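Asker: Chains E and S are the protein sequences, given in the same order. Residue 1 is where the first sequence starts when you use my numbering, and the numbers rise one by one after that. Residue 1001 is where the second sequence starts when you use my numbering, and the numbers rise one by one after that.
It is possible that some hints are incorrect.
Covered stretches of chain S, going by a simulated chain E footprint (3 or more residues, C-beta under 8 Å) [claimed, not checked]:
1. 1013–1023
2. 1212–1220
Anything over 12 Å on all C-beta distances counts as not near chain E; from chain S, calculated [said to hold, decoys possible]:
3. Arg1008
4. Ile1009
5. Ser1073
6. Ala1129
7. Ala1201
8. Tyr1226
9. Ile1227
10. Ala1294
FYI, nobody ran anything at the bench for these hints, they're computed from the structure. All of these numbers come straight from a predicted model, not from anything done at the bench. By construction, the Cβ of each residue, glycine as well, lies at the ideal position given by its N, Cα and C atoms.
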Amino acid sequence: MIYFDRVTKIHRDGTPALDGVTLKVEPKEFVSIVGHSGAGKSTLLRMLMAEDRPTEGTVFFEDIDVHAVPRSSLHHYRRKIGMVFQDYRLIPHKTAYENIAFAMEAAGRHQDEIDSDVPHVLALVDLADKAWHFPHQLSGGEQQRVAIGRAIINQPEVIVADEPTGNLDPVNTYEIMDILKKINELVGTTVLITTHNKGVVDSLGKRVVTMERGRIIRDDAQGQYVL
Amino acid sequence: MIGTTLQRIITSGAKNFTRAGAVSFATVLIMTVTLLIVGFLIFLSALLTHTLGLVQDKVDVNAYFVVDASEQSVLSIKKDLEGLPEVESVIYKSRDQALVEFKERHANDQLTLQALEELGENPLGASLAIKAKDPSQYEGIVNYLSGDAMAAISGDIIDRINYYQNKTVIDRLTGAIDTMEKAGLLVVILFAAASVIIALATIRLAIYTARDEISVMRLVGASNMYIRGPFIVAGIMSGMVAAVIALIIFYPATWYAGAALSSWLGGFNLFSYYLSNFALVFGILMGSGILIGALASWLAVRRYLRV
């Protein structure tokens, strides 16, 4: 369970990014956070990843107070969460295979596991034939699929995706959302995405949290994109 | 577990190094220049030591004995002097030798030779040429020679000691050598520091291009050491490759410079110095290459690990 407890973030210049946000996400949920640019969607996710500290309030992941984790052991916490970004953020000089394997290596997993799991995940994201391509040799959709492979390889409890389809055309957008949905339904991984793609949200038929100026203004169990 | 991690860090560092291509090349190039400077300083300091040795070698103190001093007592003084710890060598010149040398020196000077002939006997005394291990020790040796203890043993057979005439020259030389050594050390430290800073800046620039990558690694759940390791390995590899290149460059460079400059540098041959001290030069260059590479990478990555 993820629990944001009255989280407020005020930037150094005084502008508020989050204004007393309280949000509870149950295990196995698929939650879309929607809103205009600057509504505070990405800031919320950054709080969860401990990339940024709240000015007030606390963020819990299960029984972990996220911002009480010391920097030196933050990486243990982050391995519980798979992260996907709008701009993919693959390591440019590593192949698709190595990018995915990196997350396992970093987690100290055994070589046997890596050898068996990575091809499996590459097949899952439909990239078995491009395993040895470098990011610059892949299309945007393919890069994002590698990123999803990297996010799920350590079997995280949660996948956090910040505008995962923001840079993609409709066909690739559909494919990416399809993969995320499958992971949520088949594996039971909690998925938390931000988006401003109306088509994506409406087709999902899942919980939608709408944000505006740092506040949650709607929270619908089977929501639509209404802004 | 630790073994696997270490192996992964090394493999990943090696891959980073080879795949970074142009950036690695630039780093190696700068490090090579740095190490060439370090090597050049090694040769310079060797040359300085050699030259100082040559100059010091030319300084000595002569004790001239009275004409009727017996050879035996002169030789016993020689033996005494050789017993002193600060004395490097003592060369005895007999009266006959002194005469022969005097005649040779004035072979073109008929007047002097004639005067010598008319004198009928050898007017020259025996002498001892004394060399100290260090120029600053001459004073002590001279004090010993002209002291009372010596006079008691040998009687008053020492005619004069040319130290006092040479004193100013010797003092000045001692000072000059001292200054040169200090200045040399200062130059070495200055150059070494400057080149290390340049290498540091280059590696920092190379790692700057990887800053996004570092933050991604953090978010994917890699520990700081696991992120930093490969960069340090790559830095060490740059240093090692640079050291090998510098060592290879020095081979023809010293060969050419050795042949061309040997007579100029008072017989100091760079090439033979390089060959005979290869282990030392290798050790210093390799060691500084590895040290600079590792240290620079360590410091450079640290900036980007704050996510």
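Asker: Hint by hint, note whether the structure agrees.
Answerer: Outcome of the hint check:
With 4 residues having a beta carbon nearer than 8 Å to a beta carbon of chain E, the region 1013–1023 of chain S meets the requirement of three or more and the stated coverage holds. Look at the region 1212–1220 of chain S against chain E: 7 of its residues bring a Cβ nearer than 8 Å to a Cβ of that chain, three or more, so the hint holds. The claim that Arg1008/S lies off the interface is violated: its Cβ sits roughly 5 Å from the closest Cβ of chain E, which falls inside the 12 Å cut-off. Distance to chain E contradicts Ile1009/S as a non-interface residue, since its nearest Cβ pair spans about 9 Å, not more than 12 Å.
Listed as outside the interface, Ser1073/S is consistent with that label: its C-beta sits roughly 82 Å from the nearest C-beta of chain E, beyond the 12 Å cut-off. With a closest Cβ-Cβ approach of about 71 Å to chain E, Ala1129/S is found to remain outside the 12 Å limit, as its non-interface label requires. Annotated as non-interface, Ala1201/S keeps its C-beta farther than 12 Å from every C-beta of chain E; the closest such distance is 22 Å. For Tyr1226/S, the requirement that its beta carbon stay farther than 12 Å from each beta carbon of chain E is not met, with the minimum near 5 Å.
A cut-off of 12 Å between C-beta atoms contradicts the statement that Ile1227/S is not in contact with chain E; the least separation is 8 Å. Separation of Ala1294/S from chain E is adequate, the least Cβ-Cβ distance of about 21 Å exceeding the 12 Å criterion.
Violation of the numbered hints given earlier is confined to hints 3, 4, 8 and 9; the remaining hints are satisfied by the structure.
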